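Q: If you want the building blocks of each chain, they are given just below.
Number of protein chains: 2
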Amino acid sequence: MNQDYIKPDNWSIIEEGFEIERVKSSESLFSIGNGAMGQRANFEEYYSGKTFQGSYIAGIYYPDKTKVGWWKNGYPEYFAKVLNAPNWIGIDIEINGENLDLAKCQSVANFKRELNMKEGIYYRSFNATLQNGTEISVKVTRFLSLDLDELGVINYEITPLNGDASIVFKPYVDAGVHNEDANWEEKFWEPLNVQSSGNEGFVTARTFKTHFTATTFMQNTILLEDNSLNVTPLNIEKSSDKIQFSYEVTASKGQTASIQKFGGYTVSLNHDDTQIAAEKVIEKALEISYSNLVENQKKAWAKIWEMSDITIDGDVKAQQGIRFNIFQLNQTYLGKDSRLNIGPKGFTGEKYGGSTYWDTEAYCIPFYMATKDQQVARNLLTYRYNQLDKAIENAAKLGFKNGAALYPMVTMNGEECHNEWEITFEEIHRNGAIAFAIFNYYRFTGDYSYIPEKGLEVLIGIARFWYQRATYSTYRNQYVILGVTGPNEYENNVNNNFYTNYVAKWCIDYAMEQIQKVKNEYASDYSRIMSKVALDDAEIMHWKKVADHMYFPYSEEHGVYLQQDGFLDKELVKVHDLDRSQRPINQKWSWDRILRSPYIKQADTLQGFYFFEDHFSREQLEKHFDFYEPFTVHESSLSPCVHSIQAAVLGRMEQAYTFYLRTSRLDLDDYNKEVEEGLHITSMAGTWMSIVEGFGGMRVKNNQLHFEPRIPKEWNGYSFKINFRNQILKISVHQNETKFTLEGNNPIAVFVNGKEVQVEPNCLVTV
Amino acid sequence: MNQDYIKPDNWSIIEEGFEIERVKSSESLFSIGNGAMGQRANFEEYYSGKTFQGSYIAGIYYPDKTKVGWWKNGYPEYFAKVLNAPNWIGIDIEINGENLDLAKCQSVANFKRELNMKEGIYYRSFNATLQNGTEISVKVTRFLSLDLDELGVINYEITPLNGDASIVFKPYVDAGVHNEDANWEEKFWEPLNVQSSGNEGFVTARTFKTHFTATTFMQNTILLEDNSLNVTPLNIEKSSDKIQFSYEVTASKGQTASIQKFGGYTVSLNHDDTQIAAEKVIEKALEISYSNLVENQKKAWAKIWEMSDITIDGDVKAQQGIRFNIFQLNQTYLGKDSRLNIGPKGFTGEKYGGSTYWDTEAYCIPFYMATKDQQVARNLLTYRYNQLDKAIENAAKLGFKNGAALYPMVTMNGEECHNEWEITFEEIHRNGAIAFAIFNYYRFTGDYSYIPEKGLEVLIGIARFWYQRATYSTYRNQYVILGVTGPNEYENNVNNNFYTNYVAKWCIDYAMEQIQKVKNEYASDYSRIMSKVALDDAEIMHWKKVADHMYFPYSEEHGVYLQQDGFLDKELVKVHDLDRSQRPINQKWSWDRILRSPYIKQADTLQGFYFFEDHFSREQLEKHFDFYEPFTVHESSLSPCVHSIQAAVLGRMEQAYTFYLRTSRLDLDDYNKEVEEGLHITSMAGTWMSIVEGFGGMRVKNNQLHFEPRIPKEWNGYSFKINFRNQILKISVHQNETKFTLEGNNPIAVFVNGKEVQVEPNCLVTV
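Sequence order for the protein chains is A and B. Be aware that the first sequence starts at 1, since it is given in my numbering, and climbs by one per residue. Be aware that the second sequence starts at 768, since it is given in my numbering, and climbs by one per residue.
Just so you know, these hints were derived from the structure itself, not from any lab. For clarity, every value in this text was computed on a predicted model and none was experimentally measured. Some hints here could point you the wrong way.
Not the full set, but computed from the structure, chain A residues with beta-carbon under 8 Å of chain B [claimed, not checked]:
{"#": "1", "residue": "65"}
{"#": "2", "residue": "382"}
{"#": "3", "residue": "399"}
{"#": "4", "residue": "401"}
{"#": "5", "residue": "471"}
{"#": "6", "residue": "473"}
{"#": "7", "residue": "475"}
{"#": "8", "residue": "482"}
{"#": "9", "residue": "483"}
{"#": "10", "residue": "493"}
{"#": "11", "residue": "566"}
Calculated pairs, DSBU-like style, for lysine-lysine (alpha carbon to alpha carbon, straight line, at most 30 Å) [said to hold, decoys possible]:
{"#": "12", "chain 1": "A", "residue 1": "72", "chain 2": "B", "residue 2": "1488"}
{"#": "13", "chain 1": "A", "residue 1": "397", "chain 2": "B", "residue 2": "834"}
{"#": "14", "chain 1": "A", "residue 1": "298", "chain 2": "A", "residue 2": "397"}
{"#": "15", "chain 1": "B", "residue 1": "1168", "chain 2": "A", "residue 2": "673"}
{"#": "16", "chain 1": "B", "residue 1": "1084", "chain 2": "B", "residue 2": "879"}
Built from N, CA and C at the ideal position, the CB exists for glycine as well.
All chains should be modelled from the sequences, with the hints used to inform the complete structure.
A: And the structure:
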């Protein structure tokens, strides 16, 4: 049984009823973020039950010393951890002398959480009867401002229900936090300074080693029945890393006392003096006022939804799923800052560390490209360009020379920070996705300028890597790539992974093509780059030899490319024929059994068919899908989306729909039984692709949009928008028709199932 | 350059001159042991320089919590660590108020260490000028008694050279020790009790988790010019885990003051009350007296040498090498106790943990079989028999059923304690060596009784494992073994490693053969075993199918079996053509580069040719040797010996001699630059094999001894003895003749280069 306590709703994630076993899962599911910071849905008040505390600031990390059993040459010394940041949300509550703690109350009733995705606001409310018999009603509103992205806002209301009550609000800021996954149980923050002024409190702390400074701040206003009491703290407690105020209010039965807390972080990434910056944020917030901040938040989210919403008519669970995915992606990354990237857990947990995986290029860029200004995708590409030198260093550590670049498997600042040899050193296909994203960006946006300005250098570094990484097999008289891990991490250290070999060849071919184009069309960029990278024709001829003679394992018998050499030696029992008690194999089987099984964690050969769809016929796709999908266990969050798209392409809508539900509700329904640890952010972009590229069949070919609209039989209709070259095209697909409308000035021609359709600005076209 | 400070000498290991950089290496090289305990050659007196403190008790270990970066299903929770035991050798020395510390003296002259291997006694002497100007001469004698194997003895003499001196001897026993390789920097010993009585001191401590109790004891006698002073301690200092006595003596210039310290361990493995046991050991030692203990030690070692010595005439370095190897093997394991085994570092360091690897069966058993009573080898086999249930549990953890047994890669008590997936789960060929040792024991000793009594159950468990581990490849219409690591650990997770497949098939065939034999000849054992293991003919028929249709990768082009599938895809550059700056590759290359290279760490395919020499023609051996040796980097201590034997078989005596020197002086000359960490004990048995099986060409075929004597041109002659079925045959090989003498009662026929030779008791036969 999957988890099923989240109420279906078109716009909100809703939990009703208080269950201590669900607290950690809900802390993940109700997480909020604004691209610059984010946090799990921890309670403001003290909670003695099981909880996983987490607040995170984009771009702030800690290089935790590597922990391994046996050291292998080439392992990085450090692992960049997403850092649990100081806590600014904390408000201890005392009611008639008793601390409020939901784990200790006589009873908790009407407990409800609602994450209103339309508004970007998180609400929580409950009634509680304390040990001392006091009954209270609590309502909490919390959000992280999109407009002032260093600011978070809480409104915490308490109403005594069975008598007058003395209420003490004790808001605090605390830098004495730790990471649950710290390798050596060290603290990561060194407190520098604790200050207060009136209702404002500040704790400035610095990360060890990386020396990021953050001022975590709060400003508190106490109200009774919506009137500010203009009080200052009764008491202030300071320690080296924490500051806490006390405010006492007496509320009559039925009267509501509340605290409005502004809080957040100002960090040295953006400010010279983080303390002064914090004071300015508070000043600005007070100027705007609580109620206007709420309104502005709703408006800002409306603007995001205006562009990125996908509607699904007739299937609330599917609708809720896709909105949850789009909402989380926007909470995680808004694309303003090319120093940032999209962590696989976003701001919802610590697991995996680092912020950047190949997920960004393979899964996230299409979403951001189509739902934001193209600058956002360009920022994501620039992030890799800025880390090219580190990728070259990384390759050099593994013995590659002469400017060959190997991008890290996991990174924060460009340095590799993963340490399993079979991944770190061998899952090298990641380089391919980074090159592919450059191709994809140009294909979609038509903005070629990125390539001569930045992209070509990346392409050259990557081509150099593949050229050096391939070896010539005398035996085959072809080039082979030995000792790799493909996208399917249930195989390690294999030879001639089809996907890796294919993407390697493509990278070299594409780099050669772009070198030629830049040479012909951007002469000054060409000479700048060539003098920088010292590339000559002789070297390119060597590349070409590798690309032209790359070996691809193929089975004549099955008419398919083989995932890797030796795949047919496996015992080819299909997943369907596997005893259900053996699933998921990553929890039930020892690692060696997984490795020698034929089971596939996520699209591998089929990932190649996804990236390079045009290179293969639909018959070939079908043959490969039919060969590989039956061995695929989809135990990676990144798996169902690619299969959903391909099932849709093949017209298998039932299967496509099943995969869609699995990808879109992976966390809401907790398919992988691990939502407590955080959400799967990057695969959420895959959900978006399932609809747009899968059901909608959207492709860009020769600078034009193509669609092959399909619709699951469960739906009445669905719609999405695409920012195509600065014009917004809305597509609504119904069971019997597809409608297009264009917000823009220039008519565009789109192709629907191969037939050209003219779409005029602001006119509805029905096909 | 290798290390070269050890003076060549036929019987001793000698170091002259004090160099702080050599202290840790010498601590390893001058280690002493008596099978029941052992210790590095740490100084008795305090030393503030770099040192690696180590004392070890056989059979006492600690299960250290596993440390890995990413957990894989199936990893053991704990790693059995060889435990650094309490220190009983310590004697702080104060001379005229100054602590003696060789790192702080004004000068140290005439420093000499000598490990006299003939006597089994370690001597150290030096002159030192202290900061306070006092000049002293020091002589230390230390040994671990072979006769009383819980007892160690130290005689520490000090002679003031430039005036009278007040000397304070401060002997102590200290359980406050730690392991350098502790995963979590925890202490492993919990002190229980500290006691003293007269000149005797005791610290009783218990290991955490495993709850082994050890009383570490000392008894001290103070002498002036060889006369006991009959003094008791001036002062006794006790803490929770340490006891230290002070004795003050005034020695005139030229007079020698000394302390005789008896110490050691009594452990709960052998005694109910370790304190009482310790008191009895002291009583016994005092009864025997220091001088008789010294004499007894020399006699006991003479007895060992009488049987196990190998003489080499005309090559001191080769002579010293082989004796060092034989000496260390005897220090590590004497075969009295089937609970013990032969740790790869013996009592000389902590590295690797565990005590038992496949090294025991593959390398050590032949040495013990030929130089000790056959009971010793039988004890080593029994050790595995006693751990069969754990091996079955271990296999079950990895998903094997029905009594399949997978012996651990590394163990202390039968449980697996290694945690690299590519080794723990995949280096399964170890099972083969364990079965082979049973075959080998019977072949050599003619003692079949072990098989019906114990061995057959082991063979059945192992055959079951191989049968289940092989999978049927439809594609090949043969059985394959996927995802293994062969003896060459520079390949991981490969398919169809020739050695593994070959030994798997052999194990099944041999088990079937022995089942038949026991059925025919040992009916009651047969029915006992069959009812225990529930094996039926149908299952055996399945085994047979696997064995009969096992796949072996083969290259028609090269006429050789391939180390594994895909070997020919590698870039086959020979080691000889590799730039020297790239060696050793395990220090110079990242792990992925090693894995995709063709370089071989130790005999892999050739290990199969070593075990199953009779299955292949000499031409086949030559072809495989010529194919694989050029890719072999010999970066395992276990590599040169097998190659030395095979080079000798092929008549390539120069190469055989080079390999011999490398194996025999691996530690003395520190080829691998790691002798500081301890000695390579198990490979020392390989050195013995290089001479006996390599140069001597000894084999047992059809219950008879065969020789093909060869001699390196550098030697005048060499000799060794073989205990063949309770008669001692001595073989002396010279450049032009081979001599045999027999200590025993029954004439035996041996074959020399295929020709039968009769050897009568106590008659010299020259061939």
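Q: Evaluate each hint against the coordinates.
A: Verification of the hints:
With its C-beta approaching chain B no nearer than about 11 Å, residue 65/A sits outside the 8 Å limit, and its interface hint is violated. With its C-beta approaching chain B no nearer than about 29 Å, residue 382/A sits outside the 8 Å limit, and its interface hint is violated. Hint status for residue 399/A: holds, given a least beta-carbon distance of 5 Å to chain B, under 8 Å. Look at residue 401/A: its Cβ only gets to about 12 Å from chain B, farther than 8 Å, so that hint breaks.
Annotation: residue 471/A was flagged as interfacial toward chain B, and the flag holds, the nearest CB pair being 5 Å apart, inside 8 Å. Hint status for residue 473/A: holds, given a least beta-carbon distance of 5 Å to chain B, under 8 Å. Checking residue 475/A against chain B: minimum C-beta separation of about 4 Å stays under 8 Å; hint holds. Interface hint at residue 482/A: satisfied, since its Cβ lies 4 Å from the closest Cβ of chain B, which is below the 8 Å cut-off.
For residue 483/A, the interface hint holds, since its Cβ comes within 8 Å of a Cβ in chain B; the closest pair sits about 4 Å apart. Given the 8 Å rule on beta carbons, the hint for residue 493/A holds: about 5 Å separates it from the nearest Cβ of chain B. About 5 Å separates the beta-carbon of residue 566/A from the nearest beta-carbon of chain B, less than 8 Å, and the hint is met. Proximity of residue 72/A to residue 1488/B is assessed by CA-CA distance (about 43 Å); at most 30 Å being required, the pair is judged violated.
With a C-alpha separation of about 25 Å, the suggested pair residue 397/A and residue 834/B falls inside the 30 Å cut-off, and the hint holds. At roughly 49 Å between alpha-carbon atoms, residue 298/A and residue 397/A are farther apart than 30 Å, so this suggested pair is violated. A hinted pair counts as satisfied when its Cα atoms are at most 30 Å apart, and residue 1168/B with residue 673/A qualifies at roughly 28 Å. Taken as a hint, the residue 1084/B and residue 879/B pair is honoured in the structure, with Cα atoms around 19 Å apart against an allowance of 30 Å.
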